[in-house]
Structures are given as C-alpha cells and as structure tokens.
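Colleague: Each chain, written out:
There are 2 protein chains.
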Amino acid sequence: MSDKDDTVTTPSRRAFLQGSAAAGGALMAAGAARAQGQGPDPLITEVQDWASGLGDGVDATPYGLPIEYEDDVVRRNVEWLTADTISSINFTPIHALDGTITPQGCAFERHHSGAINMRKEDFRLMINGLVDRPLVFSYADLERFPRENHTYFLECAANTGMEWAGAQLNGAQFTHGMIHNMEYTGVSLRVLLEEAGLSAAGDLADKWVYVEGADASSNGRSIPMEKALDDVIVAFKANGEALRMEHGYPVRLVVPGWEGNMWVKWLRRIEVTDQAIESREETSKYTDTLADGTSRKWTWVMDAKSVVTSPSPQSPITHGPGPMVITGLAWSGRGAITGVDVTLDGGVTWQKARLAKPGEKMALSRFYLDIDWDGSEMLVQSRAHDETGYVQPTKAQLREVRGLNSIYHNNCIQTWHVKESGEAENVEIS
Amino acid sequence: MSDKDDTVTTPSRRAFLQGSAAAGGALMAAGAARAQGQGPDPLITEVQDWASGLGDGVDATPYGLPIEYEDDVVRRNVEWLTADTISSINFTPIHALDGTITPQGCAFERHHSGAINMRKEDFRLMINGLVDRPLVFSYADLERFPRENHTYFLECAANTGMEWAGAQLNGAQFTHGMIHNMEYTGVSLRVLLEEAGLSAAGDLADKWVYVEGADASSNGRSIPMEKALDDVIVAFKANGEALRMEHGYPVRLVVPGWEGNMWVKWLRRIEVTDQAIESREETSKYTDTLADGTSRKWTWVMDAKSVVTSPSPQSPITHGPGPMVITGLAWSGRGAITGVDVTLDGGVTWQKARLAKPGEKMALSRFYLDIDWDGSEMLVQSRAHDETGYVQPTKAQLREVRGLNSIYHNNCIQTWHVKESGEAENVEIS
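Just so you know, the sequences run in chain order E and Y. Just so you know, we're using our numbering here: the first sequence kicks off at 22 and counts up by one. Just so you know, we're using our numbering here: the second sequence kicks off at 22 and counts up by one.
Isolated chain E (complex conformation):
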C-alpha cells in the first residue's frame, strides 16, 4: 500500500478522462487507491490486540447506540437560528450518512411548541366536519385497519432557506439537513375518511381536510381532498419501530412529496371542510413573498433537488490526488428521480452520476460519481432530474422568478468550493 504505483495509476486516469466513471472505469480508478494507502506493511504478522481477549457480551445494552467514535454524527441545531430550542430545528447529519435510509435517532426534527409526551393509551384521533358520522379512533382502533408500507422523504419547506440571501451556513447538514427518509407503516387516510363516510361532503373536488396535532401549536394545515384521498398515510411506525417522541409518537401524518410542516405530528383531528382554513401556518408562515410584495401560497410540493454530501464543508477530502467518490442525495416531491448530473467546474461541464438504485417516488435517491481527482480545486455541484422532466434550477434562475424575499422552497443547485487542501466551503457563483 505504501508504494506509489504509476503503472496502476495511469490507466485509472485514462478511464477518468474518458468519463467512464461507473462499472469498468471504477475498477480502473480503484487501482490508484492502493497507491494512496496509509496502511502498514502488506504482510501483517503480529497478533492484533482484539484477538487476544474477549469483547462485550450481548447484555451490554438492551437498545444499541452508535459507537463512541461516531459521536459527531448527530442531529444538531444552530443556536442563533431561533430564539429558543422549543420552537426550533435539529438538522440531519447528511454529510456523514450514506445510502438512503435515515435512522430515527439522527433524523431532522422541527417543533413549533416542543415535542410532547403522549402514551398510546391516551391517543385519540377525531375525524369530523362534513362526514356522515364523526368518529374518534383510539390507537388500538387504528391498528385494526389495513396497513401500508412506503419509504418517503420529508423535507421542511425552509430547507436551504438561508441560501436565498447567498452562501450562508457552512455544511450540508445545515444547508440541506432539514430532511429525512424513512420506511413508514400506517393506514391510508382514504380508508379512515371512507370509514367516517364522505357522502355528506357532496362533490369532493372542492373539499379539503384540515389536520392538526395535539401539541400547543396544533400546527393546523389545510390539505385538498384530492391529495387526502391519494397517498396520505396515518403512520405509526418508521423504519420498522414506533415513531420516536420527537417524530410524533404515537401517530403522525405522512404527506408524500409535500412540505414537512403538513406531516402533522401527535395527530389529533382531521376535519372535512368546504374551504381551506387559511391558518397561521399557511398564511403568515409557509407562504413565499415575491419581489413585488405579493405572496405565493399553497406551495405544497417540494420540487426536485439534490446536494453533494461528500465532499462538503463537514466532509473534506482527507487524502491526496487519485481515485475518490463524490456522493450525494436527490429527491423530488413530484415523483421519482430519473438522473443526477455532477459538475466539478461550476457548471461548465457536467457528468452523469450513477444512481445506487432506480429512483422511487417521493423517496431519497443516492448518487455516486467515481472520479480520479487531480488535486486541483473544484466547484462541485449536482443537478437533479425527475420523472416529470423537471430539472433543478440554478440559484440565479430561481431568484429571477421568485426574487429575494422568500424563506421557503429554495431548491437551487448548491455549490461547494473544494480547495487543493481538500477542504470545502459553501460559495455562491454567478
């Protein structure tokens, strides 16, 4: 590992210049990694310490936590961003994760009045308003309805919101970490609405549901009936197990592809209405003020977006020139991701990244680009495409249409300036 092997390095560069970074090219590129190793002599002969004694038993802890060496891979808040931590945000450490699943323990959380502690036995969900028979469901009731499983991303409308004003927070966790992606289990909202009966509502085309949580904020939001009857889930498990307290235990709403604040936690009531409620959370908040002072509202869908998670400010390159992996996440609230392009020169030339799996509707996609880094500085960006043909815009394109007054729905292309040292910085390029 310790010797530079030019005969191996050479073909890998050739493969890189040909742009064949996946499959065959990767095998080539891999050659040079060997030349970069910091390992000891290839023939390890000594007995390693771990083999000379016993380790921990299975009784060490009933519910496991990450090993001590990973204690920087945690959700984090930004102290100056909010007045207090009760109405605040914890960001997912996306710079340090790989794959697509977000463990609940480090998944983005946002509360408007703090995370509340509710026993399953005390949970009640009322469905009322324009229904044939108002109902109240206990948790045990919900468990008796047919269940569904789906993996979906949740993204806060404010994710990347600081970037409207220019490059701000220095790290993918803070610019793009208001997101998580979990496998949810629950009951289709359609099933519960039909249980209450919708004939009293008449023509469903112009009807709404108003959803609210049991916390003090209630976080009430109006959802058009068409969406409510489409793919919304009343969920009680995430990644196989019960929702964590901070994710809405015991029951939250899952509104695939739509902004996270509509995924009401500690769900307590769903009212069928003949108009939108125009609540605080959909008028003074979660609307987008344009350059002329008017506001866009009902901007529910999260448009296609992507970000390079490594290299990034919190995940610098720690080795010299040679083969390396550029990776990131892409998602779209309108359906499946169909492709991701990556540029190393700030958008002059683009390469097609490799998706780890075919895109799934309203779920995170992991992308990889295997390159042979020449050691010079890079302006790294990624650009997502979704199944509707939508292409992720530049910051300039987005500002041209929306101005600079917005907080929410910033899905622009993100730029990391990767320096010769391997360190990376959040920058804005014109």
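Some hints could be false.
Chain copies aren't distinguished; within one or between two, either way the pair holds.
Restricting the straight-line Cα-Cα distance to at most 35 Å, the calculated cross-link-like pairs of lysine-lysine (DSBU-like) are [stated by the list, open to error]:
hint, residue 1, residue 2
1, Lys-373, Lys-248
2, Lys-440, Lys-318
3, Lys-378, Lys-248
4, Lys-440, Lys-141
Derived by calculation from the structure, the hints in this document are not laboratory data. As the structure is a prediction and not an experimental result, all values here were calculated from the model.
We have chain E already, so just place chain Y on it with the hints.
Modeller: Chain Y alone, transformed into the frame defined by chain E:
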C-alpha cells in the same frame, strides 16, 4: 365508537367470508373496528393537557432513543441458551416491529468471543493468498472505491433451531428473531479482489476465499469464488449510518442470502485459496447432522421461510371479535419472495396474504392478511413462496428429510395457537 353497529359489521363479515380481505374487502372490514373502539365520546371538547403547555426542545438529546413506553421493544437474549453472554445471541423484537427495515439498535447480534471495540484508524483489511499482489486496505482506502447500496436480510443458521425438538420458545422474537434486514453501503468484494489481481489464481471455478474477523474467534469461513465474485459486499454503513460496534464496526462482510455467520464482522483478512479451509465454523459447527449420523455441509443458503409476527405469543389479540390485521415476515436466500399464504385452521384452508411491496432479492418482505375474527380459536401459520418456485415446508416434511439431529436450517412452517382470549402459544401440530 362505543355503540355496536351491526349494519356496519354485517358487510364486513360478508367480505371476509368471500375471502376478499385486501383492498375493497378491507374497507368493508374496517367498518367493524369502529364498533370496537374504546375511545371517549366522539365529540372531544375539553382542552387536552398537551395543548396547554410546551414540550421538549430540540436540544433534549443529540442522538434519539425510543420513547419510554416502548422499552419492551428491545433485543433480548435467553439466559439458559448459552453458557455466558460473550458467546451468545440477542434476538430482534420482530413481534413488535412492522415494515421491513430493522433499526440497528434492536437488531439481532451474535458473537463468538464478544463484540470488539476498534477505531476506524486501526482497521486493516488484508487480501492475500493466490492473488497477484497482496494488499492491505485502511478504512480510508475502502472509502475511495465505488460504492453500492442494497437492502438484505441476515439470518443466523440457527434461527428456529430449537424447534427441531418441538414447540419450544414462546414468542416470535425467540423462535425467529435471529434475523435483521438493513440497507447496506459498501464496496463490492469483486472490486477489491480484482484490485489484488486474480490471474495468479488461474481457473477461478474451483477457487475459494477464506474470510476472517479481527475478534479472538476470528470466525473464519470459506466462500466459493463464484459467490465471492457475485454479490458479496465489504460494508461500512447500515441504514445510512456507520455499523454499530456489535454489528462489526467499522467493516463487515455482507453475503446476501447466505447464513449469518459468514457475514464476518470486524473483517480483517480475505485469503484466496485453492480449497476450502474446513475451519471449526464449517465442520464441527454450522453443519447439519442427519438421521444416519452423516452431516450435510456447505449448507450456506437460507431457504425460503416466513413467520406470523402478530398475533403471536408476545403480541396477543387485545380486542374482541371483528376486523384485525394478521402480519408477518417472509424471506428467501435464493431470491425474491413471490407470495405468502396464511391459514387460520392449521393448514386445512389457505388464503393469499398481501405483500406490502413486491418482493426484493434476499430482503425481508412484509405480508398482511386483513380478517374479520369471529372470536374463536385459530391455528395460525404462514407459508412462503420464492421466485425459484420453492415452497416453505411443514415441520413434518423437513424432519422426514433431515431427521431430528439438526440445529441449523430449520425453515419449517410455524404454528401459533391463538385462543379465544386472544393469547397465543407456540404449538406443534401433526
């Protein structure tokens, strides 16, 4: 919620008797759940306590844990099963989980000499033997090779092993909980072997790799080269984050569909050999002694299997007659699950369960059967089918071929006796 509503209950029974438990039938069946509710008056008018104050802030804990009310949903060992906890087993609480992903914190673990504590910086992986150039990889080296993402189940060969002797452990966690299912990220073993160069090995058809871990047991196992070059992964992430210490931090082998003991943790060495090593773990252990005293060996693949996780002894029915969900898991080491049948009468009649998603190769499938329980006792079983056409056998069929001397590879159909009280028991039926 509190009134029995026969007009709603009646159609649900009709739907059930017609066997249309999915989709449309389920909507009908759901009707009766309403009649079983234990909720308060449908019109909740009082202010609930949670709405009268603030909850916890986002600074409550940097890495989250399950809420206190779920503290029975943990991995557990069985004290009398092994002499000590260093060489023992923790079972996944599958009776309480749903969906397919297993969180690392409650996922099955098995150690032969305890879980060892290794820093990433101290990790070394040697590839030696019949290779063109022996190599030692550091963790940082591995990160520079092209990565893959796959969701696979790991099942211990001994899972359900106690059942050879008859119905034993009373709970799905203990009969079938030596399993987990995670999304792995890592490097294809093929890529690393080709990096070391395989021309020295000559004809690969009769070659093997011998894999071992850095713990005292080393847990060495021989794997045919054909499998090693097919789908084996050198993995460093599970469900997005670093492997937990007890799951092999920082690097373990993933051997899709094959018995769990080959998924070597704390991976330290891969030797290309011209024959199987015939290690302790593949001769005196992990072989299957037949009725005539001879042993099957190289029984690597985990055959198709399934189990009802609820209702089950640890997950009894807690309500009276009416609609309910029967659910469980199915998997096959030979490919994707194509279907699961469920019987309520000990195998006299079978119904097709609903798969939550189309089966994926060597990954857990979740199945559901929505029934209208009449309150009488049931003998509940499930039966898996995989894409090769294989059908999960009965215990009698398995014993007829393998006798009673085996410990490993018991993939027989499991029976739960669900009583009128809703309680369930592990039973054996002839």
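Colleague: Determine for every hint whether it applies to the structure shown.
Modeller: Taking the hints in turn, this is what the structure says about them:
1. Lys-373 to Lys-248: both (33 Å within a copy, 30 Å between copies)
2. Lys-440 to Lys-318: neither (40 Å within a copy, 55 Å between copies)
3. Lys-378 to Lys-248: both (27 Å within a copy, 21 Å between copies)
4. Lys-440 to Lys-141: Classified as between; 25 Å across copies, 51 Å inside a copy.
This entry does not satisfy hint 2, going by the numbered hints stated previously; all others are met.
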